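All chains should be built: construct the whole structure from the sequences, respecting the hints.
Going down the list, the sequences are from chains E and S.
Note that our numbering numbers the first sequence so that position 108 is 108, with each residue one more than the last.
Note that our numbering numbers the second sequence so that position 4 is 4, with each residue one more than the last.
Since the hints were made in silico from the structure, they are not lab data.
The structure presented is a predicted model; accordingly, all values stated were derived computationally and were not measured.
Careful, some of the hints might be misleading.
[Claimed, not checked] Simulated DEER-style distance windows between Cβ atoms:
1) E/HIS154 / S/GLY25: 18 to 26 Å
2) S/VAL120 / E/ASP197: 34 to 42 Å
3) S/THR50 / E/ASP197: 32 to 40 Å
4) E/GLN336 / S/HIS35: 47 to 55 Å
5) S/SER5 / E/GLU195: 51 to 59 Å
Think of the CB as a built atom: it goes at the ideal place given N, C-alpha and C, for glycine as much as any other residue.
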Amino acid sequence: MSAGKLTFLPIADIELDRTNPRIRRFLENYEGEITNDRIALALDVAGGDDKDGTTTPAKLKNSILTNRGITQPIVVNKDTAGRLTCIEGNTRLYIYRSFVEEEVEGDWKMIPALLHEELGPSEVDAIRLQAHLVGPRPWDAYSKAKYLWELQYHELMPLEKIIAFCGGNRRDVTQAIQAYSDMESYYRPLCEADEFDTENYSGFVEVQNTKVKDAILRAGFTLTDFAQWLRDGKFKNRTGNRSLQHIRQLPQVLPNKTTRDLFLKKGIKAALDVADKPDLGSGLKNATIGQLARAITEAANSIPLEELRRLQEHPEDEAHRYIEDAMEALQYLTKQIQSGA
Amino acid sequence: MSGESARHRFLVERLLDTVEIRHQGVRSVVIFADHHRFGSQLPPTIGDFTPDVLVTTVPATFRLIGEAKTRDDIETERSQRQLTAFLDHLSLHPPSSLWLAVPFDLAPRARVLIRSMRRVEHKDVNVEILPFV
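Below is the structure:
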């Protein structure tokens with residue numbers, strides 16, 4: 001495959017790639033005229049917030065707007081008939097088109113592109129595979145936060161500008177910078193150089209939750225105490241593995257002297273076991289583990305959509321922890337059963 | 001939009017204008033607000049209540065909660081619980097401020113109400129009543 005030529009191409013001359021899997025999976029189920037709006041639907045251009053730190057179309061759109069353009073060229077193939085097809089970067093191309101249509105200020109009629117000529121199907125596949133199945137290696141959460149903090153603290157970039165460059169997600173950006181800053185201020189001083197564990201960064205993300213932070217401060221502790229708990233491994237699950245999501249349960253544990261003392265002596269799991277003895281009716285108490293497992297399966301498979309949405313929108317709901325605890329307990333039980341087989 | 005929610009929105013907008021004027025040029029300030037100017041992300045929940053505006057520096061060196069109250073909702077039991085929760089929260093994060101945006105003629109009543117709900121642990125929270133015509 002040739003290296004391709006870096007150039008600027010008029011967006012009006014480039015066709016969106018209808019054989020692109022993301023577009024095709026939609027078009028295959030769609031009858032009727034293929035309008036721009038339908039292709040936008042296929043590309044999920046209106047997609048909302050991300051849940052796992054991936055780049056959403058909305059974020060990408062905001063970022064392109066702030067940057068006044070794309071930093072990574074799209075990949076275009078010119079076939080023997082001279083037709084230009086975008087084989088990588090269809091969403092970016094669509095966003096440029098929408099800016100022209102919406103008369104967004106700026107020059108959106110030309111797009112940076114890596115232009116290949118007469119690529120065969122296998123070469124097109126190779127480009128798609130590298131772009132979407134291997135992809136660029138994303139930074140880990142700690143490295144992202146460190147970079148954002150440096151931009152703000154050392155490069156003195158205004159926070160609103162950083163947020164705009166990151167696609168407008170002010171909650172994630174501020175949370176990352178604050179978590180990094182807290183980790184440096186409270187955790188690093190407690191560690192020898194070779195003890196500083198960046199995996200504990202997610203603990204500092206958890207503590208940015210106002211309920212959690214307030215519970216720590218209200219109980220008379222400080223973030224230095226919290227950092228010490230992390231260093232001492234107070235947040236472990238039943239199997240002894242680090243389980244930082246249990247930090248969310250501190251508001252249940254810290255206000256009560258018994259559970260607080262248990263937490264300080266034995267860790268979060270011991271405290272939660274006491275804080276949260278389930279109030280079971282006689283029917284549940286007398287059921288066998290097999291009957292309960294079947295009931296859980298039945299309930300999980302037939303959960304109403306409304307309830308599912310409610311759980312998605314309320315990550316603080318206690319049901320999340322009950323489900324995670326049940327899963328953890330069942331996995332542990334399965335292992336025990338299998339080890340004896 | 002009902003008359004009541006239009007009045008509330010007016011107060012939130014004046015509150016945001018004031019925040020922007022007073023904190024203009026502070027590089028590390030971030031504003032969360034239940035308003036389209038500040039994106040789709042609401043301020044975080046504080047004690048089961050979502051404030052109209054939350055302003056903080058990042059990293060945190062200052063925190064401000066702004067709340068708009070109209071004649072019809074300032075005296076409700078819910079408002080009292082809400083403002084107490086905000087004062088409780090802010091007292092844990094000094095230096096901090098609570099700004100209450102109210103219609104101009106409601107300012108004296110708002111001052112009385114706020115004084116009645118302040119406890120000794122709230123003493124370091126700076127409270128300002130912002131009256132708007």
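Here's how the hints hold up against the structure:
Checked against the hint of 18 to 26 Å, the C-beta distance between E/HIS154 and S/GLY25 comes to roughly 19 Å, which is consistent with it. Take S/VAL120 and E/ASP197: their Cβ atoms lie about 40 Å apart, and the range 34 to 42 Å holds. In this structure the hint that S/THR50 and E/ASP197 lie 32 to 40 Å apart at CB holds, the actual value being about 34 Å. Evaluation of the 47 to 55 Å hint for E/GLN336 and S/HIS35 yields a pass: the beta carbon distance comes to about 54 Å.
Between S/SER5 and E/GLU195 the C-beta distance comes to about 54 Å, which sits within the given range of 51 to 59 Å.
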